Each structure stands twice: as structure tokens, then as C-alpha cells.
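*Asks:* Sequence order for the protein chains is A and B.
All residue numbers for the first sequence refer to the working numbering, where the first residue is 15 and numbers rise by one.
All residue numbers for the second sequence refer to the working numbering, where the first residue is 922 and numbers rise by one.
Derived by calculation from the structure, the hints in this document are not laboratory data.
Treat the hints with care, as some may be off.
Simulated pairs of lysine to any residue, SDA-like, Cα-Cα distance not exceeding 20 Å [claimed, not checked]:
{"id": "1", "chain 1": "B", "residue 1": "K1190", "chain 2": "B", "residue 2": "L1397"}
{"id": "2", "chain 1": "B", "residue 1": "K1285", "chain 2": "A", "residue 2": "T213"}
{"id": "3", "chain 1": "A", "residue 1": "K147", "chain 2": "B", "residue 2": "R1218"}
Derived CB-CB ranges, DEER-like [claimed, not checked]:
{"id": "4", "chain 1": "A", "residue 1": "L148", "chain 2": "B", "residue 2": "N949", "range": "48 to 58 Å"}
{"id": "5", "chain 1": "A", "residue 1": "K111", "chain 2": "B", "residue 2": "D1305", "range": "55 to 65 Å"}
{"id": "6", "chain 1": "B", "residue 1": "V1133", "chain 2": "A", "residue 2": "I242", "range": "49 to 59 Å"}
Which chain B residues face chain A? A few, computed with CB under 10 Å, are given here [to be verified]:
{"id": "7", "residue": "L1016"}
{"id": "8", "residue": "I1020"}
{"id": "9", "residue": "S1236"}
{"id": "10", "residue": "D1239"}
{"id": "11", "residue": "F1283"}
{"id": "12", "residue": "E1324"}
The structure displayed is predicted, hence computed values, not measured ones.
A virtual CB, placed ideally from N, CA and C, is assigned to each residue, including glycine.
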Amino acid sequence: MQIVNKRIRKIARRLNGPYLALTALLIVCTFTSEVFFTVPNLLNITRQVSYSGIIALGMTFVIVAGGIDLSVGSLFALAGVSAALAIQHWSLPLSVKLGLSLEITGVIIGLLAAMLSAIAGTVANALIIVYGKLPPFIATLGTLSIFRSLALFSAASGTLSVDNNALKSIGTAQIFGIPLPAVVMLFLVVIFEFILSATVFGRHVCALGSNERVARFAGIRVNAVKFITYILPGLCIGISAFMFLTRLGSVSSSDAGMSYELDAIAAVIIGGASMSGGRGSLRGTLAGILILGVVSNILDLWGVSANLKGVVKGLVIIVSVLIQRKEKTS
Amino acid sequence: MNETATASGYALEINGVEKSYGNVRVLNGIDFSLQKNRIAGLVGGNGAGKSTLAKCIAGYLDFEKGSIRCDASIVMIPQEFMLIPEMKVYENLFLGSEIHKYGFADKKEMIRQASEALDKLEADIDPEARVENLGVAKRQMVELAKSIIFPSSVLIMDEPTTVLDRDETDVLFNLLKRYRDSGGSVIYITHRLYEHAELCDDICVMRDGDIVFYGAANTVTPHKVAQLMVGKNLDALFPEKIQTTSDAPVLLEIDDISSGEVIRNISFKLKKGEILGLTGLAGSGRTELAETICGIRAKTSGSIIIDGESHAIRSMYDAHKAGLSYLSEDRQGTALLLDDSVEKNTVLSSLSQYSVHGIINFIKCETAAGQYVSDFNIATRGIDSPVRTLSGGNQQKVAIAKELNTGPRIFIFDEPTRGVDVGARSEIYNVIHTLASEDMACILISSDLEEITGNCSRALVMRGGELAGELEGKLLKEDEIMYLATGIK
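So that you can see chain B by itself, here it is in the shape it has in the complex (with noise of 0.2 Å):
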């Protein structure tokens, strides 16, 4: 349906686009123009059509009414990688185009072209190492390198930055300015308002399927930002924190842990009431302690003490009888069964709560469902509606009631925002100080430095699998902690 633009100084035109998932109108009539040469930031609540939009301008849907025109060719790096884990990079790279020679794969020259694109993003990753061995941002980094090795004039990235650190999310946004430089166009979808006044040229702002607000970056404050895209006087994001006295007794204990070499030695105490922070750079560890810790990976030494007592927590099971639970970082690949309901996966962890003698009691699922729909504020049809209709920030809160069912002491949120719009986000945050002033402790594992100091009081900041200190008060601060994470003090 793309049609090529005049030469009407616009790298893309979109007119009067309207999509419908069966009776849900997600895109009302959408008017936009890219020009040339700019970055522009598509920013908007879950549900607000972003995505939706995106995938419309790439082709991967197809829409209604309303005509796209574009002037070459588009690429979109999706949220979701399109890599196949099993190949190597530089096939993954090639998939469907690889360069050959009378017949025959060429692959030096493929691996050459790799790695030269690989280069370019200063992406340490060798290209015939398989893409299962890669980490998430490293991922990224490959998907990335295909948008170099197949120049287009359009790029769409669909939160790229929410696996990255902070380093890599530079290296990124260098990339993307001398793409823009270079003559290209980019639409850059994200939910981290900071990152748009760093970034992008012009912002474009999406409510209910709806452009609400386009144009220039400078003209809006990141505040200004999330009202729009919220509709209404947003209070602040993060709720006020919880001074924790110094005489609160010790909740979790955590004795000398290690899980061969990607944790090491680690120790610290968590009090009731305290929401702890865990934070470092990609590849630190933070993850790897959690699941540590839960009994997911094997522990080689060291005690977990839980109000005194010691456990032996050998998997989730055990942690759940410990009163530990985890929202794992992975929201769709650990934490929900994205194809069964709403309600089935809110009593997922704790059925047996819900059953006499193994059978189990519908109508107190049921009940039990609706309540946390509307003490969360769930969006959701109804309890039956299957967990992939939900938005993201829909499905943590599905996540959250999940593992909560289990009635845990200690509550580990890893990445709890990740995928979120600005909406959830605040809501997701009240939930983890409401469980800390209920007799609970929490600790909040995220690499959004600004989460870390917004909702907590003292944090840990992991290097290269150790602790590599503690701050707390007003020595919690971002660049203190960018400090601990890279090892310059």
C-alpha cells in the first residue's frame, strides 16, 4: 500500500490512516509527515496506537482507510527480535539476502560486511558467535546492524533503549544523529521522556489513537510531555519515599552468595518496609543474583536467611514457601502464558490456595481475579480475555498479581517498567510503596537509574558479577551510581 512520494520534501506521508482490531478502533485517521533529515519521537500511553502505527508504515499490517506515501525503502527494528537464535550473527544479518558466489554462500565477504557494520556501532560481538549466546542488548546491537548493511531511508525503532545501558544507549543515539546526518529519516518510538529531549528533533505525541501534539523537540518540556500523553495534570511519577528507621528489624539476609563465577560473594540485609535497589550495568549481574537468590540458578555457596531462619531454596517453589516471590525481568518468556486468560494466570503460582484436595474452586478464582482487575486497574475485557490482548504495562500488572497471590514477605521486581507507558509506570511504583509499608521489603533491580533514585532510599550497585558498593541518602544519586557500575572510583 505504500506508494512513492513526490518530491514533496518529506520522507514520509501519512494520510487519514485508520485500523480496527475486530470492533477496538486503535488508529483514528492519522495525519503525519517525516520530513527529511530529522529524528522524530513517537511517544504515547499503551493502547494509544503506537506501535500499531509503526508496523502499518512498515508493511507488517495493513490498515482501512487512508494512504501511505514514502520515498524509499523503510526499516523497522520490532520490539520483539526477528533473530533466529541457533544461527550466527552474520547469518541472522544475511537471512533471506545472503551475498553469494556462482551459486555457493559467500560467506567472507558476508562475515566482512558484519563485522565492519558491528564496527560502526562499536558493538563488540563476534559475528560467527550464535545469537543464543548474546544477551538482550547485545541482540539489539544486531538487529541495528542490519539497518547498516541495508541502507534505507526510513528507520523505525520500536524502544530500542529498554535493554540497554546507559553506555549503549549513547553509542546509539551517536549512530542514529549521523544516520540522521547522513540524510536519513527516524522514528523513534520510547518511554523514557528524557530520552527525547536528548534525541529527537521533533516529538509526536499519541492518546487513544489519536496525534494529540507534533513539533519540535525544544517547544516542550518532558513534562509537558507526559500530560499529553496522559491527558490529564500528572502527579509526580514517583510516590514519596519511605524512610525506613534504622531499628527496623532485618527481613532478608543475604550470606556470602555465590553461583560459580557470574555471582560472586555477595552479602546484604534487607529490613522490613525498605525498598532496596539493585542496579548496574547490562551484564552485572543484577538478573543473575535474583535468580540466585529464588533458586532458579544454582547457588555454589553461601546462606539465604529469612527472619532468622535459614533456607535451603533450591527453586521457585521453595522461594514461594519462603515468602519470596520475583517478577522476572522477562515478562513474556517466564512470568505469564500469554495465551491462556487473565484469570488463569493471576492463580498460576498459588493454585493451590484456590483448590480443596487438588480440585479446583472456579468461582474463587474468578473472584479472586476480578479483584485484583479493579485494584489494579487492570485493562482488560474481562477475566477470560487471553493475556496477549493486554498491553504491556496491562500484563505486568497481571505479573505482579501473580506472583502477589503467593502472599510473599519479600517481593524482587526486576524490571517492573520495562515496556510500560508513563500511566502504569506511576501506578506499578505505588504498588511496590504500598507493599513496603505493609510489613513487606522489596528490592527493585532496574538499569533506569532515574527508577533507582526516584523510589529508593539505599540501593547496590553490581560490576561484572560482585557487589561493587552501597549507596544510600544523598549520596544516591545517578552519577554516583555510574561511577560504582563502571569502576571509575
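Bound conformation, chain A alone (with noise of 0.2 Å):
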């Protein structure tokens, strides 16, 4: 019993300094906007917020990792286009040949090949930085150059719609009221934390992250748990692209995902992950993710040009790690 409560103390001392910001700013928010905490507006929030927040939850590893991808806005509107073109043209003949309906085969095949090539992408990127031992911030600036041209490639550089009334009801899903990609990043982050927290793999993580050869030389097969660490943000990629091309109806090969890599790596940092690795954590992410979306979304209603939300982003990242150093160092 008293193992439990420290372990409770513990977990509760960590949530501290990212949602207590969280907290003050939807305090300010509620009393400066009459708008602001409705319930349409916080559903509004969510899912706004769930596309680059799905993302940013792999991100979390590959940073604590002491990595970086920056390849996955481009692989996001990469995945999108494939899925689209896969339902465009596989469509028809697969749904004669499984005797499925037009439609469910539209959805089993949008996910699967969103899924596919996003985890295609990262698998190149996992290659590269792993064998090819080229640095992340190198590999995957390649590949963000790559996917993104790939995919207005693919698409000629133009917006692809799919109808299919399946994907479109999967698009306004709701569970419980809270629209479906909001589920699917709240699922995530419980089952993400726990693999960072109390899994083996997730101890290795962090070994890795915090220093490479104290990790090599316990005996943790570095390569493979590297290897696997950039593969989690393809996973997240390709649920996140499906869920945005059921949402739309169409995705963009130009816009889709732009500067989603940003967001992504904002949402960790802020919320208290070490840019050198061996420190983060997935609820931390979540506080991040929520303390942008609220951000962007107070913005709008007290009518701030968007021009301007970039200034209001970038200081909030700036003091937020100011914030987190002055914690350390006291």
C-alpha cells in the first residue's frame, strides 16, 4: 500500500509544471471570452488539435530517444495522398473481388495504404539514421524534402478528393460526445505512456537517450530500439492522415501537414521533454499539445490577426523552456 501511494506521490509531483500552465491559461481564457469555455468550443479545440497532436505522441519517443524527425509533416500529407489515391483507384476493382460494399472497401483500403506508406517513410528514415548512421536532423531533413515532393508529385500538385459516405461518417464520428480523433490521441497517450514508463523498451528508450554508451555497453541492443523509436511516428502518421482524409474529403498535396513537424516538436518541448534525450514523457506531450490548441483558439476569439499567432506561438515555446531550465537549475 505504501509502495502505491509514493508511486502516486510521484506521478503526481511529475504532472506539475506543464498542466499547472495549462490550468492558469484556461483560467485566463474563461474570463476573457465568453465563448471560451462552451462545450462546442473545447470539442472544437480537441480536434483541432488531434491531427498534429496524434503525431507529436511519436514524436515524444523519438526526442527522449535523443533524436529528431522532421520528415513527418511531408510524410503526414504523403500518406494522405496515398490513401486517397488508393481509394480512387482500388476501390471499384477490390470491392468486386472481396464482394464488398464500394464503400467499406474505400475505408479498409484508405487505412491501410495511409498506414503503409507513412510506416514505409519512417522504416527509410529508421535506415538511414540507423545503418547509414547519419545524424536525425540530417536524414530526416531529407526525407522531408523527399515526401513532400512525392506527394505533390503524385497528386500534380493539386487537392484529391474521395466520395465515399463511409469515410465521411467516420469523419464526424463521436464517442461519448468528443469527436473520434480525440479518442484515438487520448487511447494513444494512456497506452504510449505506458510503454515509456514500465516497459523494458521504454526503459531502453531512455537509456538510449541519455547517454548512447552507457546504453551499449549495459547490453541493450541499441540498433534495434533505435530502429523501432522512428518507426512509432509512422504509425502515428498514418492513423492521424486517415482520420484528417475522412474529416475533409479530400487532402491537399501542398497544405496537408505543413509545418505539422513544428507543431509536433513544440508540443514535446513544452511539455517538459529534454531536447538532448532521457527525459519526457507522453502526458507532458498532451499538456503541450492542449497549451497550443488553447492558444491558438483564444487567439481567434478575441480576434488577434492569424498573421499573428506565429509570434504568440514561438514566445510561448521560448518561456515555456525558460520556465522549465530556471525549474531544473534551482
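From the two separate chains plus the hints, produce the assembled complex.
*Replies:* Shown next, in the form of C-alpha cells:
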């Protein structure tokens, strides 16, 4: 019983920073805008943050392992385009072959195509980083350009639409009134948090991020751990890109996933992870995601020019890291 | 906080200095005066406060009470090097005080002064070499060269010889004596007791934040100093040697292994119950041999046979599976995650044992860590404390526990007592002997010859990446080892 108590206290202590900031932010927003603290608006925020938020969860592992993935935004577009193309071209022939309805086939093909292309992309990243021994920053800077270009080429730099009612119903689906993407994101937070904090793999990711040499000398299969870590964002991108497609019914090869890498990295950092690796948590990242979402939303409600949003977002990142550094040194 | 001293004849005067970290008092009112032209040895166990005192004197740390008066400038050469690996030797030496002409760096002059200083140290180092390409011993020499280029009246050295071999140590000692004779004073921190007799004029013994003895070095024997350090009568430092019978089974057989040019054609056998010494000068390939056996360094030929079975070992993961454990000489860089807790470090190498289907059993981890803390007498506030907060000796015990957790049959200890005080040293020796007597076999790598002769009944001596010879029984003496290591014999 005592051990359980201690553990709860430990978790409570760790929650502090980002969640205190989020609470303060929520209070300020509630008092400065009448619309803010209403159910439709809050649900709207959760949906808006979910797409890049889900990616931030995979990014958390990469950053805790001491790496970075800059290619997630481009890969998001490529996965979306792949899914749309697959649905357009293969729905009809496959539905005949499998004897399923056209719409269900479209859903299955879309999800598969998004997942497979996203995972293939991150496998490419992992191969370059683990076996090519390139710094992740450079490897994924390269693939950032490659993935976006492939997306633009496949879609002839245009927007691809899919007309499928089953997809549409997934896009608007809610579970207990909460939009599906937000539910998926929360579900993944719980699963990933468990993996990072309570499994051997998670512990090895942390060890790798704090000191790769120590990890190697401890007999950890560093390459295998790294490989899996770099593939995790792909899993998230596949899910996120598919849900994005179902929501809009279309995907723009040039705009989709634009600057998602920055949003994802920002959320992880605001959530208290260390950029040099070894430290970070999924609940922290969730707070980071929500802080970014709330700030963006309240600026809209205050009527601030959309062009100035970047200034505020940038300040949030800088200030939150400054505060965390103070906490660490004191 | 340092004030200029009056013409008192002392190079340094310290009055009632107190210092705490949080609630832990580490210095309780230290009074200490260093005479001019003297070398004072500062000794004490882990956590006695030596390094803290030195850092206060050098101005790296603030203290709450008391005063420090000093004649002139103080230079401290810290235990952890403050060199930038990517920069060249001379660039490091003049970092922050570059010589310049018309606003441009005067490279020639800096290189000239750097090579002059390095020549005085008899160090064979190119001023234009990059520090990252130098071994630890040479890096130490570079640190030392700083004190020659920028003259000071008090020089503080924190355990300089832990990374030096005998020859380099001699050069250092001569240099320090010359420095003293030319008017300087030295505070010399070390764990090696015989060094005091050899080098120091005065000895200052610290224990638990107090000075318990301060006087001329020739008035105390090393044995007495050791007793003062631990505050009780010290049993013999080394446990009784284990006599391995000649018919004990061979546990490990190294057959003609090489690793490029670094390790060449080495073969030896290790018997069950044996503690085999492995020594040689700095750069002779001791650590590299251990790394090759454990698969950290790529093996280019040869085979490793454990219990009659040949093993292909390509990484530490394979080594652990084959029953091999390795305690690295670079504790902080390769053995421990300093910001992680004692508990996390203890189970780091063996998490699969503490998990079911990849999910960690935290209660099992805590129990195991608690067990090691009490078995090994690890001084820590709790298993949740970051390893960084532990003293060197206690960190080493955590590192040993971490490796032991993998259930090895063969344990390679590489410099297990580097930066470890007398008390913990003796405990570590006891652990090694206990392991060997429990059907395991150990290899003890050390540059401390006393450590080899005190613990082992057989030792291998390396020179230039090759096996220079093997010494056993009565022939295993410090001078014999030195002959082999240097190639006189």
C-alpha cells in the first residue's frame, strides 16, 4: 500500500509544470472570452489539435531517445495522398473481388494505404539513421523534402477528393460526444505512456537518450531500439492522416501537414521533454498539445490577426523552456 | 571571497570555512594554512569534503561562513577535465586568453609557448593535435601545461595520477617538486597513500568535513594515515589471496584474438575461482583487450571459448548472454546514467529479468535495488536518489551491482578502484574475492601495481597491444611487472 502511495505521489509531482500552465491558461481564457468555456468550443479545440497531436506522441519517443524527426509533416501529406489515390483507383476492382460494398472497401484500403506508406517512410528514416549512421536531423531534413515532393508529384500538386459516405461518417464520428480523433489521441496517450514508463522497451529508449554509450555497455540492443523508435511516428502519421482524410473528404498535397513537424516538436518540448534526450513523458506532451491548441483558439476568439499567431506560439515555446530550465537549476 | 593575505609566510590561509549542500553539512569550519614552498597532501575518504574544500579555495564554489586568504593566483586542475575535445591542444591551452596581434590570433606564438610547456612536462604531445585524439593521460598533461603557461602561486591538483602510469607519475612528481622549489605551493589530493610519502612535505587528513590531522609527512606512516581516514583500525586492505588449484576447470579461453593493430594475437586461459591480473602501461591495450573480448570493439580474428563452447560475441548484449560482465574504467561515461536513480541503474543491464512480457515489475526492481544497497553498503539517501549525488566509491558499487545483475560467470573489472577511497576500495576487493570464490572467475585490470600483486596470484602484462608476459606466484612482483611492461626484460 505504501509503495502504491509513493508511486501516486511521484506521478502527481511530475504532472506539475505543464499542467499548472495549462490550468492558468484555461482560467485566463474563461474570464476573457464568453465563448471559450463552452462545450462546442472545447470539443472544437480537441479536434483541431488531434491531427498534429497524435504525431507529437510518436515524436515524444524519438526525442526522448535523443533524436528528432523533421519529416513527419511531409510524410503526413504523402500518407494522405497515398490513401486518397488508393481509394480512387482500387476501391472498385477490389470491392468486386472481395465481395464487399464499395464504401467499406474504400475505408479499408484508405486506412491500409495511409498506414503502409507512413510506416514505409519512417522505415526509410530508420534505415538511414541506424545503418547509414547519419545524424537524425540531417536524415529527416532530406526525407522531409523527398516525401513532400513525392506527395506533390503523385497528386499533380493538386487536391485529391474522395467521395465515400462511410469515410465521411468516420470523419464526423463521436464517442460519448467527443470527436473520434480526440478519443484516438487520448487512447494513444495512455498506451504510449505505459510503454514509455513501464516497459523494458521504454526504459531502453530513455537510457539510449540519456547516454548511448552507457546503453551500449549495458547490453541494450541499441540499433533495434533505435529502429523501432523511429518507426513509431509512422504509426501515428498513418492513423492521423487517415482520419484527416475522412474529416475533409480531400487532401491537399501542398498544404496538408504543413509545419506539423514544428507543432509536434513544440508540443513535446513544452511538455517538459529534454531536447538532448533521456527525459520526457506522454502526459507532458498532451499538456503541450493542449496548450498550443488553447492559445491558437483564444487568439481567434480575441480577434487577433491569424498572421500574428506565430508570434504567440513562438513565445509560448521559448518561455516554457526558460521556465523549465529555471526549475531544473534551482 | 578570496582576499589577499598579509605577509604572514603562508601562501594560503583558511579560517572557519563552512559549506552545506542543502541540509547536508560537508565542511564544518575548516582551519587550514598552507605554508609557502610546501607540497601538502590532502587525503580523506569519499564524502570527507576534499574536493569541496578544493573547489571553495579555487573559487568554483561559494561557502556560507569563514574566510579564505590567498597570496596570489590559484590554479586548480580538476578531476574531470575541462577541455574541448574538438579543439586543438594549443587552442585549449589559451582558451579565453588567446595571444593576439593587431586583433588577430597569434597562432605561432601560442604554438611556441604550448610546445615549450609540453616539453617541460616531457610530454610527447603535438600542440596542434586535437584533444579528442589524445588518451586520458595525455589530456591530463595538457591540463597541467596550463599551470605552466599561466604561473600561479598555489596549484591544486585533484587526483591527478589516477589516469597516469608509473613513468608519467614520476614526471609529474618531479615537476611538482621543481614548482615548489621555485616558490610555489601545492595542494595535492589523492587516494594513493604511497604517493604522500614520495611527494608531500605535509599531510592533511580529512574525515566527515573536519580536518583530523595536519602535520609533516614524515611523522606518519601510510598505514597510520589510512587509519585516520577511516577513523578506525584498518584491516589489511587486501583480502587473503585465493589459491586456485591447478586442476580447476578452465572457464574462459581466449584463443589468438586480434582487433586490427590495437590488439594483436592474444591467447590466455582463465580458471574457475581465479582472479587474473591484467596490467601494462597506459596505452598498452588493457582496456582495448577487454572491449574486444566483450564485443564492444570489433574482433578481426581469433575465438572466445567459454566453458568449452565457442561464442560469437559481437556486442555487450551477446557478452551478457554468454555470461560475461564488464565493469568499464570510464564509470561516468559508459557505466552509469548519472541523472537516473540508483534503482534504475541497478536494473539497467538486466531489465528482462525484472519484467513479464516486456512489462517491468517495479516492486521487484525496488526490492533488488534495496538488497544491493544493503549488501554492498552503498551510502545513499535512498534508491530514488540520482547516482550523480553519490560519491565515487558508491557509484562504483552501483555499477558493479548493475553488471552482477546479469548473472555473469566471468567478470572483468577495469580499474575498479579508480577515484575510490580506501574504505570502499577494500569493500570492492572483498566483492571481487567473494565472486571468485563463488564459482566465478574474475579478470582484474589495473594500472595500480599494488592492486595487482595484492589481489592476484597470476597476472598478464601487456605492451603495445601484445602480451608481454605472464607472472605467477613468487615472480609476481611490482618490479617484475615493470620490466615486462617497459620491455627491459
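*Asks:* Hints first: check each against the structure and report whether it holds.
*Replies:* Hints, verified against the model:
Note on B:K1190 and B:L1397: the hinted pairing holds, with a Cα-Cα distance of about 17 Å set against a maximum of 20 Å. A C-alpha spacing of about 14 Å is found between B:K1285 and A:T213, which places the hinted pair at or below 20 Å, so the restraint holds. Between the alpha carbons of A:K147 and B:R1218 the distance comes to roughly 17 Å, so the proposed pair stays at or under 20 Å and holds. As the Cβ distance of A:L148 to B:N949 is approximately 54 Å, the hint placing it in 48 to 58 Å holds.
Under the hint 55 to 65 Å, the C-beta atoms of A:K111 and B:D1305, about 59 Å apart, fit the expected range. For B:V1133 paired with A:I242, a C-beta distance near 55 Å keeps the hint of 49 to 59 Å intact. For the restraint placing B:L1016 at the interface with chain A, the shortest Cβ-Cβ distance is roughly 23 Å, beyond the 10 Å limit, so the hint is violated. With its C-beta approaching chain A no nearer than about 34 Å, B:I1020 sits outside the 10 Å limit, and its interface hint is violated.
Here the hint on B:S1236 is kept, as its CB sits about 7 Å from the closest CB of chain A, short of 10 Å. With a least beta-carbon distance of about 8 Å to chain A, the hint placing B:D1239 at the interface is held under the 10 Å criterion. With a cut of 10 Å, the hint placing B:F1283 at the interface with chain A holds, because the nearest CB-to-CB distance is about 7 Å. For B:E1324, the shortest C-beta to C-beta distance to chain A is roughly 9 Å, which falls under 10 Å, so the interface hint holds.
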